[in-house]
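Enquirer: Position chains B and C relative to chain A; hints supplied.
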Amino acid sequence: MDVTLRELVGVIGGELSGDGSVVIKAVAGIREAGPGTVTFLANPRYEAFLKTTRASAIIVPRGTSHPTKPLVFADNPYLTFIKAVEFFVPNRNVQVPGIHPTAIIARTARIGSGVHIGPNVVIEDQTTICDGTSVLAGTYIGRGTEIGTGCLIYPNVTIREQITIGSRVIIHSGAVIGSDGFGFVRDGDVYRKVPQIGNVVIQDDVEVGANVTIDRATTGTTLIGKGTKIDNLVQIGHNVVVGDNCILVAQVGIGGSAQLGTGVTMAGQAGAAGHITIGDGATVGAQGGATKSIQAGMTVSGYPAREHTQANKIYASLLKLPDLLKKVAELGERLSKVEERTKD
Amino acid sequence: MDVTLRELVGVIGGELSGDGSVVIKAVAGIREAGPGTVTFLANPRYEAFLKTTRASAIIVPRGTSHPTKPLVFADNPYLTFIKAVEFFVPNRNVQVPGIHPTAIIARTARIGSGVHIGPNVVIEDQTTICDGTSVLAGTYIGRGTEIGTGCLIYPNVTIREQITIGSRVIIHSGAVIGSDGFGFVRDGDVYRKVPQIGNVVIQDDVEVGANVTIDRATTGTTLIGKGTKIDNLVQIGHNVVVGDNCILVAQVGIGGSAQLGTGVTMAGQAGAAGHITIGDGATVGAQGGATKSIQAGMTVSGYPAREHTQANKIYASLLKLPDLLKKVAELGERLSKVEERTKD
Amino acid sequence: MDVTLRELVGVIGGELSGDGSVVIKAVAGIREAGPGTVTFLANPRYEAFLKTTRASAIIVPRGTSHPTKPLVFADNPYLTFIKAVEFFVPNRNVQVPGIHPTAIIARTARIGSGVHIGPNVVIEDQTTICDGTSVLAGTYIGRGTEIGTGCLIYPNVTIREQITIGSRVIIHSGAVIGSDGFGFVRDGDVYRKVPQIGNVVIQDDVEVGANVTIDRATTGTTLIGKGTKIDNLVQIGHNVVVGDNCILVAQVGIGGSAQLGTGVTMAGQAGAAGHITIGDGATVGAQGGATKSIQAGMTVSGYPAREHTQANKIYASLLKLPDLLKKVAELGERLSKVEERTKD
Chain A
25 MDVTLRELVG VIGGELSGDG SVVIKAVAGI REAGPGTVTF LANPRYEAFL KTTRASAIIV
85 PRGTSHPTKP LVFADNPYLT FIKAVEFFVP NRNVQVPGIH PTAIIARTAR IGSGVHIGPN
145 VVIEDQTTIC DGTSVLAGTY IGRGTEIGTG CLIYPNVTIR EQITIGSRVI IHSGAVIGSD
205 GFGFVRDGDV YRKVPQIGNV VIQDDVEVGA NVTIDRATTG TTLIGKGTKI DNLVQIGHNV
265 VVGDNCILVA QVGIGGSAQL GTGVTMAGQA GAAGHITIGD GATVGAQGGA TKSIQAGMTV
325 SGYPAREHTQ ANKIYASLLK LPDLLKKVAE LGERLSKVEE RTKD
Chain B
25 MDVTLRELVG VIGGELSGDG SVVIKAVAGI REAGPGTVTF LANPRYEAFL KTTRASAIIV
85 PRGTSHPTKP LVFADNPYLT FIKAVEFFVP NRNVQVPGIH PTAIIARTAR IGSGVHIGPN
145 VVIEDQTTIC DGTSVLAGTY IGRGTEIGTG CLIYPNVTIR EQITIGSRVI IHSGAVIGSD
205 GFGFVRDGDV YRKVPQIGNV VIQDDVEVGA NVTIDRATTG TTLIGKGTKI DNLVQIGHNV
265 VVGDNCILVA QVGIGGSAQL GTGVTMAGQA GAAGHITIGD GATVGAQGGA TKSIQAGMTV
325 SGYPAREHTQ ANKIYASLLK LPDLLKKVAE LGERLSKVEE RTKD
Chain C
25 MDVTLRELVG VIGGELSGDG SVVIKAVAGI REAGPGTVTF LANPRYEAFL KTTRASAIIV
85 PRGTSHPTKP LVFADNPYLT FIKAVEFFVP NRNVQVPGIH PTAIIARTAR IGSGVHIGPN
145 VVIEDQTTIC DGTSVLAGTY IGRGTEIGTG CLIYPNVTIR EQITIGSRVI IHSGAVIGSD
205 GFGFVRDGDV YRKVPQIGNV VIQDDVEVGA NVTIDRATTG TTLIGKGTKI DNLVQIGHNV
265 VVGDNCILVA QVGIGGSAQL GTGVTMAGQA GAAGHITIGD GATVGAQGGA TKSIQAGMTV
325 SGYPAREHTQ ANKIYASLLK LPDLLKKVAE LGERLSKVEE RTKD
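Residue numbers (the working numbering), protein chains in the order written: chain A, 25 to 368; chain B, 25 to 368; chain C, 25 to 368.
Looking at chain A on its own, in the form it has when it is part of the complex (with noise of 0.2 Å):
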């Protein structure tokens, strides 16, 4: 669809700052646009993009200028191009509602309006399926599971017994539901299972990646709150409870019952101890395992971890330790010789 700038601005809003008139026909990141296309900039490490780039416009924060080119300024770029995108590039992911007949699925299903299932999907009794959902090919739902509306379920998902799934969700494909928790009791030199009894509830509009495990409860609930995105191959142990709208980058473990404030956020390959509070607000840098609860709004990083200017300042140390050590064995022979020589 081949639009004027000034007829996009309309549709994304933002403010036009130079020629409205340029055709704009499709989106591109900075590096790859070319003529034709609208980009945009939003973080820093790209500004030298920006005389480099071959699109036709930019969205920009306000006070950027460019020599040539027509501009939109805007308050938060990035939420402005997701506006552009959403417009050029209609949302292959929206399925066509039916139900594949290879579909295996149980008469005691409850399946809502608009609903799409996929081929060899299996729907296990008692399940309720609400409207406007789809639910990809190979996908595995299990008795007694329920999923709100306009979620969008992936190949190849498998999603338990008893789990409670809200609006909106997002769950991408290989990722497990409602596993059993990872608990065992010692019985002399055995270990024996401890039934794992429990639930998994995700709220609205959580997003879920590929091939993420989240553990069911021993008793009680595993909880993902509302607004909640969780990146590729991150795991959540048994009884864990994350609060609304945090972010857990790849591959990320939360030890068993740990509990999760709002807005928390765990960088690529953190890890969280079982049992243990990460208040709100509070983020753990990439690779940081955090052995005790975090208060809010800090920022801890490294293992064991701690604030994160304090880490910062130790691992700079850290380069001069070998020094350190000759330094004071020379100041202990220096004062050998002082000592000697100042004896009475």
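Hints in this document: simulated from the structure, not taken from any laboratory. One or more hints might be untrue.
In the DMTMM-like style, the derived pairs of lysine to aspartate or glutamate whose C-alpha atoms are separated by at most 20 Å in a straight line are [said to hold, decoys possible]: (1) C/Lys361 - A/Asp99; (2) B/Lys351 - C/Glu363; (3) C/Lys367 - B/Glu354; (4) B/Lys217 - C/Asp228; (5) C/Lys217 - A/Asp99; (6) A/Lys75 - A/Asp43; (7) C/Lys93 - C/Glu39; (8) C/Lys93 - C/Asp43; (9) C/Lys351 - B/Asp347; (10) A/Lys351 - B/Glu331; (11) C/Lys367 - A/Glu354; (12) A/Lys337 - B/Asp347; (13) B/Lys367 - A/Glu354; (14) B/Lys344 - C/Glu357; (15) B/Lys350 - A/Glu363; (16) C/Lys250 - C/Glu170; (17) B/Lys350 - C/Glu357; (18) A/Lys361 - B/Glu364; (19) A/Lys361 - B/Glu363.
Just a few of them, taken from the derived set where beta-carbon distance is under 8 Å, the chain A residues facing chain B [claimed, not checked]: (20) Gln275; (21) Gly277; (22) Leu345.
Built from N, CA and C at the ideal position, the CB exists for glycine as well.
Expert: What follows is chains B and C alone, placed relative to chain A:
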């Protein structure tokens, strides 16, 4: 099922203290327990909840007291609680024997009695599935693989060819058993694949978590010893030998040809380098990186992994390192002054 | 198939030293080898097994000697051994061409000759599967995806829409290719999803391990260069560029928009931050965390990742840190005494 506490103790064991006539209808964790439930106290972390729990009875270690509630004394309260769980909660994962019409089973496969095979399961030639085993929806079992009695293989598992699995093994969804080991030889600038012609042997009573990967051996066997429990997203490289009754917590990675003794514990996100040995009863702390062999009985932590109390001392010392740098600089200046004024 | 060692050397190359008439029936690793097998020695770690191996012949580096057994000298013993493996062990994963009747293949899909498509495979519209490729049971291939010649896609893989895969690519079970990149923009208290409209390109001769996740680009392409080998449970973020002939060991994580050069090695559980560059031939040690760009040819380790010999010095120095603290305190006291008694 409603029973009196006295009747329940008759079934699960332990010693009743207090009113045995209270009616128990269910089990629950100490925090979420309500009236009519029995709960337990095993982890000292939860002692504070003794006072606030709404449970009608509590299974506790001997010597515990409570002002109002009936108690059940037990040597191992968690084990006794498990018996209560098994009394009240039917095992939801016991499957009705039978083969789903959509399962695709090779004519040469040997299927025992009392076996459950779910929808869309694929079972290749020359496989054996022994009595009482359940293989759930969408799982793939490769040519020549043998699975013992009473196993539970959850949906969407992949078990490749020529694998041997013992009895009472549980394998969670998304696990991949017998993928090729990561073996390549450098040939000039490129890598040439080493055929992976070995197998995997999983002994009795092992549990394998969701999305775990266990690679087949290059030649010979990748072995998981009996009673070992493997949490989600663990990686086990080719030719690894894991002893009996080990505990491998989520996201652990074990490099090729490493050998773990009996009763080894590796906490979450820990790693073991290839070719090393970890002795019987040793423990690697969370996120620890075992770069060299670990003696039997030792507990190590950190990267590179060191004896745990030593590692703890080092991590505590680190907090003082930035100050130490300043202090040593000051000592140097003070010493220079003394040297100056004590020169002959 | 039984052959004399002399005949085998005629096939696999190398220089025979000793009795060429011994009969060889199979290949085996040096530890588990029995009579009638040929084994090899490549890793100096295993030199001790030269004396104890029960193999009938050993492929060794030139200059090796053995009191009794015939040897085969080779420039690269492992490569020569691979040829022996290929001679004795038929590739079990060569599939018979044909399409299983339960496969669900869109009418607009283009399927080449000699293609094997297993049970319950789902192939969507406008896909291309080129000659000689095998797609095994339960795998899903999304709309518009193209797969080259001679590929082997194991069971239960998910390849999303609009992905391009080269020739001779191997993808292991549970891998997910083309899941959405982890892109969200903060909009007040909540996160808004950034549509992920880019793709993934996997070039020739790549191997992708079990349960690996490779995210599609936000816009543009996530690229895996030719000959790169990816171990199990690796995460590759959106817009990452991995060069040719890289080695990514199990559980590695690469943040969005990071760029790896040619011949980069990342050892197990290592991580690379988003947006950084890792130069040609660089190596990141196991569990290392590359927080900043790494120059070509450099080896780094630890967190934050530093040049490897420097990191090793620091880790060795750390052992002396607790003592150093005491020593500096003592020096301070001794210095105070000297200062006291040398006061004017």
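Enquirer: Give a verdict on every hint.
Expert: We went through each hint and held it up to the structure:
1. Restraint check: the Cα-Cα separation between C/Lys361 and A/Asp99 comes to about 65 Å, which exceeds 20 Å; the hinted pair is violated.
2. Only pairs whose Cα atoms come within 20 Å are accepted, and B/Lys351 paired with C/Glu363 is accepted, the gap being roughly 16 Å.
3. At most 20 Å may separate the alpha-carbon atoms for a hinted pair to count; C/Lys367 and B/Glu354 meet this at roughly 18 Å.
4. Between the alpha carbons of B/Lys217 and C/Asp228 the distance comes to roughly 14 Å, so the proposed pair stays at or under 20 Å and holds.
5. Our distance criterion of 20 Å between C-alpha atoms is met by C/Lys217 and A/Asp99, whose separation comes to about 17 Å.
6. The straight-line distance between the Cα atoms of A/Lys75 and A/Asp43 is roughly 18 Å, inside the 20 Å bound, and the hint therefore holds.
7. Distance restraint check for C/Lys93 and C/Glu39: the Cα-Cα separation of roughly 14 Å lies within the 20 Å cut-off, and the hinted pair is therefore satisfied.
8. As the CA atoms of C/Lys93 and C/Asp43 are separated by approximately 8 Å, the hinted pair is consistent with the 20 Å bound.
9. Distance check on the hinted pair: C/Lys351 and B/Asp347 sit about 14 Å apart at the alpha-carbon level, within 20 Å; holds.
10. Proximity of A/Lys351 to B/Glu331 is assessed by CA-CA distance (about 27 Å); at most 20 Å being required, the pair is judged violated.
11. Taking the CA atoms of C/Lys367 and A/Glu354, the gap is about 23 Å. The hint is violated against a cut of 20 Å.
12. With a C-alpha separation of about 10 Å, the suggested pair A/Lys337 and B/Asp347 falls inside the 20 Å cut-off, and the hint holds.
13. The suggested pairing of B/Lys367 with A/Glu354 holds, with an alpha-carbon distance near 18 Å, which does not exceed 20 Å.
14. Between B/Lys344 and C/Glu357 the alpha-carbon distance is near 18 Å, which keeps this suggested pair within the 20 Å criterion.
15. Distance restraint check for B/Lys350 and A/Glu363: the Cα-Cα separation of roughly 23 Å exceeds the 20 Å cut-off, and the hinted pair is therefore not satisfied.
16. A threshold of 20 Å between alpha carbons decides the hint, and for C/Lys250 with C/Glu170 the separation of about 16 Å falls inside it, so the pair holds.
17. With a C-alpha separation of about 16 Å, the suggested pairing of B/Lys350 with C/Glu357 holds against the 20 Å cut-off.
18. Between the alpha carbons of A/Lys361 and B/Glu364 the distance comes to roughly 13 Å, so the proposed pair stays at or under 20 Å and holds.
19. In summary, the hint linking A/Lys361 to B/Glu363 is supported, as the alpha carbons are separated by about 9 Å, within the 20 Å threshold.
20. Because the beta carbon of A/Gln275 sits about 7 Å from the nearest beta carbon in chain B, less than 8 Å, this interface hint is met.
21. Given hint, A/Gly277 at the interface with chain B, holds; its Cβ is 5 Å from that chain's nearest Cβ, closer than 8 Å.
22. Below 8 Å, beta-carbon pairs count as interface contacts, and A/Leu345 has one with chain B at about 7 Å; its hint therefore holds.
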